[in-house]
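K.L.:
One-letter residues, chain by chain:
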Amino acid sequence: MDNATAQNPSYVREEMLAQAEPPLGQKGAIKWLRDNLFSSVLNSILTIVSIWFVYYILSHIAPWFLNSIWDAGSLTECREIRDATMPAGTSAACFAVISDRWEQLLFGFYPRSEYWRPVLALVLMVVGIMPVLFQSIDRKWLVASASLPFVLFFLLWGGSVWLPIAIAMGFVLGYAVNKFGTPMLGSIGGALATVIVPLLYWIYVAGPLSGAIHSVLPIGLEFIQSKDFGGFMLSIVIGVAGIVLSLPLGIVLALGRQSDMFIVNKLSTAFIEVIRGVPLIVWLFTASLLLNYFLPPGTNFDLMLRVIIMVTLFSAAYIAEVVRGGLAALPSGQYEGANSLGLDYWQSMRLIILPQALKISIPGIVNTFIGLFKDTTLVVFIGLLDPIGLTNSIRSSTDWNGIYWELYVFIGLMFFIFCFSMGRYSLYLERKLQREHR
Amino acid sequence: MSVIEAPKESFRLSQLIYDTRYRSMTIQVITLALICVGIYWLVDNLLANLDNLGLEPDFGFLSSRAGYDIGQTLIEYDNSMSHGRAALVGIANTLLVAVMGCVTATIIGVLAGVLRLSKNWVISRLMAFYVEGIRNVPLLLWIVLVYAVMSEGMPQPKDFREGGDAVMFFSDSVAITNRGIYIPGPIWGENSGILIAVFIASIIGAFAYRRYAKKLLFDTGRLLPMVWPAIAMAFVPVIVAQFVLGQPVTLSYPELGGFNFKGGIQISNPLVALWIALSLYTGAFIAEIVRAGIMAVSNGQSEAAFALGMQPNRTMSLVVLPQAMRVIIPPLISQFLNLTKNSSLAIAVGYPDVRATLGGITLNQTGRALECMLLLGLFYLALSLIISFVMNLYNNSMKLKER
Amino acid sequence: MTLTAPRGKKRLPSNNGAETQEEVKMKKTVFLGALTVAGFAASVASASTLDDVKARGHLNCGVTTGLVGFAAPDANGVWEGFDVAICRAVAAAVFGSGDAVEFVPTTGETRFTALASGEIDMLARNTTWTMSRDTDLKFDFTGVNYYDGQGFMVPKALGVASAKDLDGATICIQTGTTTELNLADYFRSNNIAYQPVPIQTNAEAQQQYLAGACDVYTTDASGLAATRATFEAPADHVLLPEIISKEPLGPLVRHGDNEWGDIVMWTQNALIAAEEMGITSTNIAELSAAPTNNPEINRILGTEGELGAMIGLSADWAKNAIAASGNYGEIFEKNIGENTPIGLARGLNAQWTNGGLQYSAPFR
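Quick note, the sequences are listed as chains A, B and C, same order. In terms of this note's numbering, the first sequence has 171 at position 171, counting the first letter as 1, and numbering is strictly consecutive. All you need for this note's numbering is the position in the second sequence, starting with 1, plus 438. All you need for this note's numbering is the position in the third sequence, starting with 1, plus 841.
Please keep in mind that the hints were generated in silico from the structure rather than gathered at the bench. Quick caveat: nothing in here was measured; it's all calculated off a predicted structure. We put the CB at the ideal spot given by N, CA and C, even for glycine. Some clues are possibly wrong.
[Stated by the list, open to error] Sample of chain B residues facing chain C (criterion: CB under 10 Å; computed from the structure):
1) A504
2) G505
3) Y506
4) D516
5) K700
6) G702
7) S706
[Unchecked claim] Derived coverage of chain B by chain A (criterion: at least 3 residues anywhere in the stretch with Cβ under 8 Å from a Cβ of chain A; other residues may be distant):
8) 673 to 683
9) 743 to 754
[Said to hold, decoys possible] Okay, derived cross-link-like pairs now, DSS-like style, lysine-lysine, Cα gap no bigger than 25 Å in a straight line:
10) B:K596 to C:K895
11) A:K140 to A:K31
12) C:K997 to B:K653
13) C:K997 to A:K227
Kindly produce the complete structure, drawing on both the sequences and the hints.
P.N.:
Shown next as structure tokens:
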């Protein structure tokens, strides 16, 4: 055998072949289609049916959307424009109603010149909630977050700046009494004083005090009545107020439901189950029709305030369940560790348990908020002008009487944008918390 | 060092606060007292207010004549009957739509949840779109939209007349109109009682067979065919009996007469719209629950089942689903509760549920807001408690039994 | 079943009662001190609604959440309509300005409680005057500002000429009114069957009717006319000749405060009398500048006599009320009359001199 040939046989390649193209059916779009859409007979059928379904829906809606008219003063004008510019029988949306009334759908009857206030309030709220959600931000900012409710209240309703300050001072007072009173009065006495002193302050001092300061130093914004609130602003205000105000009560209820004390436990459970067992719409009717009857004769709250009170009680029950989930998710070692350090109940809750449990509960709380925000549409049944309530008012002006789909499409879209982005945010938080937890 | 004396048995008041043995009792008693005072305050205010207005809580209106008609009556009702009766009609309607909704929402939810995990891109996108789209828009809007789409999209009864473009299905026995779906209804003739008895007996028989087959499978490993024999056992005797007894049950078919179809059973449009909307809405939430439940079962479980040589559908039904169920059921219960409570939005589409009769027209006519709301609240509360009680029983039976 | 108050007897409106009420009011003022500043809570239900209204500085008037021609907010949030004009007239009678009024939207379910609990001072929400509302619910109707009746609208293509031909029809009803009862009574007495579809809002009912999901739409005749006016092809729909009920719509106040009831009643009468006397918003300034030859006009406008003082208002109360949005005829023509898209004829609501029912008691 020739040595050279043996060492270098002609059938041995010296360089690699270029990679062959995969068979036509195994690459690119076709492979993707085969793998993803037509992998089996059933899948193919499903794919075709779904594509037909999507096409069917779109073919019915698309022309209506594409032909939409944005600039007209009334429905009649819309119809005139449509008949003049499009072939007979064309369907065309009349979104002119949105261009005419979008401010009302967003802000209700809030004065135009003051629109900056709710917008600023929304921005402040989004920024102000950051320190609660993100551990990386300096804890000092939590104080700013805690003062947020008062700032938002002042921005939205206006009036004298001293009223929210006077009310906020009650909390400072309570803190001070707790800090300095406890050494003097003992823990029980201190706790009692912490509750009673601010209460007395709010009942007897806060109002006159703010009035007095205001007469000397009148600083404030134009007072806006809550009946001027409407549209999405109303939904957001009720939703946010409901969630924020219900947090303390919800936490107390969750602790109560976990407690070993028989009466406390049963009372909390009963409250939670009763609230959750009855639809929100019945509670709203209660707020609108009956709440006044349960207050001292001659008291009459603003309807919106009554709704906020009721929604707060309502969401407290749901928050309590979310927080209970958070408490249950903590390993029992945390409880035992706290006990072995000699912390008493409130100390261990405040320092060890609640910070962790609440952190786990944040996504659940956001989800509760989304649910509550959507449910605020039910206030239409008691005559508050939320977006859906406003559709009725808008339709009852002679200009827009008879318009139907356009308003609902707009409102649905707005709700979708709000809720979807919040839902994504909650998912993001959930993942982030899971990572941190590991 | 002095000897530690035995603690004195005497009881000092301060022990109530400082002694942990008594402290929790003190706290509870104080809480209870505060709550009682609070409730007393509320009730006292209520009575004082009603007194001032000259109103007295009085449920007498329930027995007075209602005077209005209800579109869908499952129990006998006409406008000369009482408000109480009208409330019962509403309760029956609420229960009907809640049960129907729970069943279909579960079916839709399971399908959508499984399909969202499908490898088929179009399907999984479509399901994601469905779930996200539905979940993020208020239910009230969906109910109204479904109702409006149905009334616009379906044919009117007059389209079924000669020259109209709508047709009935299943050889003229089912008509789908924008006022409702008309299906044939049974007419119970003589001896139909026997037929019902036969049917019940054969259902029991079918279940007994299923149970026997299962036992055989677990005891001996012998596999009996289960589905077809069970179906045959359930239906064949009834069909035979129907003919042997000379057709005691006949069907009445819907026919177009006057303004509407007559005869048969009408499933009214408000019911269908509410049903579809509730099912789609709750289904979207259930889909997410099911998806989470299936994803919570680790891959190793199904891989192990395959390694044991189990078929895929058996793996699903015997290994994966039972484990997923433990994750799925508790949130599923609260979805059922939500659906039931959400059915109170029926008023938006004119479905006469209890909120529309007792909490709507009756309240309006009599002005008895306090009483109507109290009854309404109690009804929903009782319903919720019953549902969660029953479902919790089921949940407990499904729970992982640790021995 | 009856829940009775433990105290048993009703509290009598004695001196003693008034005192306790004052006390209660005082206490509440302190209790809610903080909140009152923000205007969230106000004490009401004291002895006199007029005093409350005056102290508050504006009138709280209950209206619908929106009914074409009767009450609706415009793009700027200003409420307009036939019922709204009555509220403005009362506000003007009390305060001299038709803008001193807050409109509180109410639904069919919430309207009566809102009035009873003092949340609103008067309700002008196309509410039918019935005996049980006047007595059992403890309200007082102060008159009728619109005589309405329940009617039927059907598509012309249906070929129906009378409501008696509607046997077996599907009927869309707008709920929250006496509509359901009238319908049930009418069909029962004529012994014909129907299928009710009660729907809460006009928008949905209208949509259902136009989609053919109902054969008939029934509500007050004024509402039917307003609805039909907005259709793409109004001529394809007809109103049936039968009006099956009497629906005297009017404002109402709480029972027991007759001074306040008088103010609302006589404001309304002033608007009607003004039309009869020819007092309009254009000539009112001229007529009220100096006494005219017509003594009744003088008495209404306060240039003669002491009528204003008799109801605790200023002498020019009626002048302000009429100036706010015109006399009854002007209000009618502006909001629902034949020159508006709604296009209602005066019919029963014409002055009695023109064969209608609007008839004011004399100002004397």
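K.L.:
None of the hints should be skipped; say for each whether it holds.
P.N.:
Checked hints:
1. A504: Hint on A504 of chain B: holds, closest Cβ of chain C at ~9 Å, below 10 Å.
2. G505: holds, 5 Å
3. Y506: holds, 4 Å
4. D516: holds, 8 Å
5. K700: holds, 7 Å
6. G702: Given a least distance of 14 Å, the restraint on G702 of chain B is violated.
7. S706: Holds, because the Cβ-Cβ distance from S706 of chain B to chain C comes to roughly 8 Å (cut-off 10 Å).
8. 673 to 683: Violated: only 0 residues of the stretch 673 to 683 of chain B have a Cβ under 8 Å from chain A.
9. 743 to 754: Violated, because only 0 residues of the stretch 743 to 754 of chain B bring their Cβ atoms closer than 8 Å to Cβ atoms of chain A.
10. B:K596 to C:K895: violated, 60 Å
11. A:K140 to A:K31: The given pair, whose Cα atoms are some 56 Å apart, is violated under the 25 Å limit.
12. C:K997 to B:K653: violated, 68 Å
13. C:K997 to A:K227: Distance of about 43 Å is beyond 25 Å: violated.
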